[in-house]
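Sequence lines, in order, name chains A and B.
Read left to right, the first sequence gives residues 1 to 632 (my numbering).
Read left to right, the second sequence gives residues 1 to 186 (my numbering).
Think of the hints as simulated: they come from the structure by calculation, not from any bench.
Careful, some of the hints might be misleading.
[What the hints assert, rightly or not] Computed list of lysine-lysine pairs in DSSO-like fashion (alpha-carbon distance at most 30 Å, straight line):
#1 B:29 to A:618
#2 A:63 to B:59
#3 A:247 to A:342
#4 B:95 to B:122
#5 A:624 to A:499
#6 A:115 to A:134
#7 B:29 to A:453
#8 B:122 to A:63
#9 B:29 to A:63
#10 B:59 to B:95
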Amino acid sequence: MERSISPDSVLMIKAAQAAGITTAWDRYEAQLPQCGFGETGLCCRHCLQGPCRIDPFGVTGPKAGICGATADTIVARGLARSIAGGTASHSAHAKHLAHTMLKWSRGQAPDYGIKDKTKFYAVLDRVGIARDGKSDEQLAGELAKLALAEFSEREEPPVWLKTTITAGRMAKFEKFGLIPQGLDSTVAEVMHRTTNGVDADPVNILLGAIKCALSDYAGMYLATDLSDILFGTPAPVMAAANLGVLKENAVNVAVHGHNPVLSEVIVAEAMGMKAEAQAAGAPEGINLVGICCTGHEVMMRHGIPSATNSLSQELAIVTGALDAAVVDYQCIMPSLPEVAKKYHTAIITTMSIAKIPGATHIEFDEKHAGEKAREVLRLAIEAFKKRDPAKVNIPPVRNDAMAGMSAETIVKVLSSVNPDDPLKPLIDNIVNGNILGVCLFAGCNDVKITQDKTFVTLVKELAAQNVLILCTGCAAGTFARHGLLTPAATEKYAGPGLKAVLTALGNAAGLNGPLPLALHTGSCVDNTRAASIATAIANKLGVDVSQLPVVATAPEAAMEKAVSIGTWAVAMGLPTHVGVVPPVTGSPLVVQVLTQTAKDLLGGYFIVEPDPKVAAGKLVAAIKERRQGLGI
Amino acid sequence: MKRLYVRPELCTGCKTCELACAVEHSRSKNLLGAMLESPPPHPRLYVEAVLTSPFEVLKMPMTCRHCDPAPCMAACIPQAMHRSPDDVVTNVGGKHACIACGMCVMMCPFGMIARAPNLDGKVMALKCDLCPDRAVPACAASCPEGAIVFMEGDEFAHGARQRASAVLSAARAMREATLVQSQEEQ
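Please model the entire structure based on the sequences and the hints provided.
Structure, rendered in structure tokens:
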């Protein structure tokens, strides 16, 4: 199988092979064949009597685990736990931001502040915190405490759920008992109900898993709100992508992981350290680049280029020009220090809960944020001095990429067409068919399939059929490095209706040309930005999100977080495509609930389809079915 | 003649070989498709567990030996079980059809023959055919630990001799060292 279609990845995979460096692709091959019981979700390790596994053919092997759990129960339990894993990750990210805001409000995090007061006040109003007569510090303290209170056991529905969804969704969730008691408490509840001897009803377990996924949604929404308040709401910005953004004449520092709490301060401090980098022999100073979602956080707020995605993170080191990788948490390969051994790259971990053997650990804390950021950058400059010019091999691949298309930005662009009723131009164009529907591209790259191939094939198919494309996280990273976040891509790949709309909007926004083919809506924790637009449209039309011609896809999903996001997208009413078969096929019942029954209950459902061309057909059919339902 | 050989000390009991065997003997030849087939495909080898002590389970992949002379062939009344030109003992593709009498099931000393529906739903004797469509049978190709291998008998025996020799030479070195030590002490 071809490993990647990203030209910079292809070059660096070859370079890694020539240098005898093992990457994720090699390790995947070493894992083959992967265990069929794990692949189908039929292995249970939830008690010490196991592992138990069910014979997927039901011929010679066991039909139940030791406790009596059937294939349906085991598969549902496994899926629920992976959703809990994803939810815990996003919630930890959100809590980290809330703690930072709380510390700032108490004067304990002087390097932070309220960057976007408009959003600050809007969020305060939405969550019901009275603003009169209070200082920003007081308000930030109240907001942070309200945010942290979301996570424990509550008597009322989570604020970030009930204030951000349609009344129709809320009624559905109440009807099926899907309202989380608290964002962390649902994670604990899933762990409880999936342990030996608790919930054995596969459908009930799946309902618990969906409830947990709604916690994921609320935690993500909260994270995006707090990030925007602390660091600014993203606005359109021109950046670049691919490994060609690394510079031979600069100290190259990659920020990698997910949370902007550290990377924002690194961006701020890097400017002041140019002279130090120059003195070390780097005339262009410090060149910050992004990997994975921390990269997208600083790309959409500061135009920092995106070097590569999570799957190809090791390849950034293979360029021989990466002087340091500063990592926070999530999607960081423990292999980085091993690859770095062959080069001079400093791998710097910064979070107390995410250390890697062989890396240098500089523990980050908000009170000394600036100081810690400078310490990290000094380490990068020291590493730069050890760079071996003979090993430098930066692939000459670089694409422009426009980022920063937050919900606020999209509304602002629409306002330039109709200031009184910003959503009207979008709705009108959906009604008249210029825009057939909207598709949110999210999720990861997955080593099991050729990197970027499903993403790129699917987006071209959908755009040609006039589907408006939003993207986040590694989906945005993929589109960036294939030049699809550009006006030129719109000219080349958009269907006539979509092209006309993107051109009109681009011109109205003063771009003198169309908006990019795909709108970079944020990092992967920002998927609720797209949900918020869908909710606003549904509310304006007086319908529910489940009726809108809006779909989602994670064509190359890999992580537990993607499973949680996909599940809440289904709960929100979206047909949601996954291009990698998840470990649920061992239970025909679970598959049926996810792909069919969910549609009757919630409106949304999963579409599992590895072939991007077939998937495009299925997504377009789902969009058309909804258009028909709305009578358009 | 290459045959399946087993190194039980390497088996982790994951049963990947059983899955791979069933998939290879399905219509669709992939796990997802095979699971949806009716009747479901049947494996032709089995990982058996033997309790060797209250705390230890020996995991033993059991494969057809394609014996010569083969008791299953001798017992086959309609003479469906035969030895193919490739030296594979099989009841498929011969002059006579299997009548599912179960004589071979009773006679196989290793229990390697099942009486179960084939892909057409006809009950018959199902056994290892050494995967005629593959260079290496699916079980050996899929084993993550190398517990099942497909090779010449000499080659397997040579490997076993090498492993045993390594242990013995270590013992010999230890013995020599002990002798030197005791001579020095004298």
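query = Looking back at the numbered hints, which does the structure fail to meet, lowest number first?
reply = Those not satisfied come down to hint 10.
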